[in-house]
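> Keeping their order, the protein sequence lines are chains R and F. Just so you know, the first sequence maps onto residues 1 to 235 in the numbering used here. Just so you know, the second sequence maps onto residues 1001 to 1235 in the numbering used here.
These are computed hints drawn from the structure, not numbers from a lab. There may be inaccurate statements among the hints.
[As the list claims (entries may be wrong)] Interface residues of chain R toward chain F, partial, derived using beta-carbon atoms under 8 Å:
#1 Arg-46
#2 Glu-61
#3 Ile-211
#4 Gly-215
#5 Leu-216
[To be verified] Residues of chain R clear of chain F, computed beta-carbon distances all greater than 12 Å:
#6 Glu-45
#7 Asn-47
#8 Arg-48
#9 Tyr-143
#10 Val-152
#11 Asp-170
#12 Gly-177
#13 Asp-182
#14 Thr-193
#15 Ser-200
#16 Arg-219
The structure presented is a predicted model; accordingly, all values stated were derived computationally and were not measured. C-beta atoms are modelled at their ideal positions from N, C-alpha and C, and glycine is treated no differently.
There are 2 protein chains.
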Amino acid sequence: MLLLKVTQPERALRNGGCTLNAVTSADQSTPTQPPARRARRADAERNRAAIIEAAGVVFAEQGCAVDVREIARRSGVGMGTLYRHFPAKDDLLVTVLEREFTSWLTAAHEAAAATEDPWEALTGFFEQALTHQARNRALVESYTATGAPSRVCARHRDAFIDELRTRCADAGLLRDGVTTADLVLLSASLSQTIQATDGSHPGQWRRLLRISLDGLSSRNTEPLPEPAPHTDAEA
Amino acid sequence: MLLLKVTQPERALRNGGCTLNAVTSADQSTPTQPPARRARRADAERNRAAIIEAAGVVFAEQGCAVDVREIARRSGVGMGTLYRHFPAKDDLLVTVLEREFTSWLTAAHEAAAATEDPWEALTGFFEQALTHQARNRALVESYTATGAPSRVCARHRDAFIDELRTRCADAGLLRDGVTTADLVLLSASLSQTIQATDGSHPGQWRRLLRISLDGLSSRNTEPLPEPAPHTDAEA
DNA sequence: CTTCAAGAGGAGCACTCGCTCCGGTTACTC
DNA sequence: GAGTAACCGGAGCGAGTGCTCCTCTTGAAG
């Protein structure tokens, strides 16, 4: 968090590239408005929605490096309008990613609640998460980026993964010493692979997923290398 | 290969970004010179070496998106000189990557020949490959890129991995149905992960590697999903 | 209906980066 | 040592991209 702050000043002039420094700008999407402020005009509200909608599609298709003009064009809005609603490209990106992320996590929660079998819940989560991410480039790019789509979201994700992990561990299905961080890293790793290879080898990631998951099962009794690190990167 | 040819024309004008289309330009680094041509001047030779040396360092440190000026600066050479030796940034990149790649593969061959145990050879290969790639951003970026550092190199790599795989399979150590493509994909996947996380979680990739390798062992008898795809992407 | 702050929009600025052009220099050949 | 082709260097071009400025428009309060 502090590290990110350091890179912030350069945005004041020009940053020339999407830096995904989500943390510092996360709260800007809902600025602190004293209640005295007049409500947004109807057309402004419409435009804002159109921008978010279009940005969601474009970011998913082309990743976070897309030209802002493309987003403006697709949402039928001028540059000025876009930048009034979102003072920086990153702000828009964060807004979009948080939405995406939340809806994804909600679906994952529901799916996990639908089964009794802990291992199936874990497997299903990976399957669903990766299928989802395979369709969204920006989501993948943000997954491992410093100050991901938002620290808060990441924490929710990690908490959820931890829950799945605990269920499996309690049932004696999980290999000894497997941490939540391992699972987070695994899902990040597979996400990236999907992005890079799903064009040429569609679906092959499922084989890799299966291989990794089998490596996670309690069948494997040998200890893992290295002390288990923390999930939170702040240090 | 044909796909790459399609994107070639745009380089004739300006491409504005490193595209890693290695195949089409690979043969340009050693142009077909009728023997009548005069040998390179001594200073030119020196400069060429300095450029390759500096580029190797810079690409490894910062990936293939670095500014060409940085390479020129570090090698103590002007832009004109750089571009005489390498008509496009990609040509330089390919030259550097091929070197890197070759030296890596050579070391891998030697290490594999030093042990009798097939599983240890496979494990050692991954360990060594990933350790090497963790130090070279450009190498990782090129690993899964279309038309990687050079199709020839990739083929050598795949042939080598296939050899390791066969040894393990013959010894009954490898899970049924695991293909060379699976192993290539796994190493690509872990490489990317290292790049993305080795700063915040140094060494955690070893845990992931171990987990995946265990999933590859013949302990796991359940069949893998999907029909096994080919290694060569051309289709 | 009038008024006017909030909103719209797009030309253009600032900056990056791949690549070229061309006047000056230098290492080889004879 | 003279001649010359090869070589050197870096200012600068053109394209891309994040963001701003400023003029014109419009929704909604009174």
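> Tell me the numbers of any earlier hints that the structure contravenes, in ascending order.
1, 2, 9, 12, 13, 14, 15 and 16
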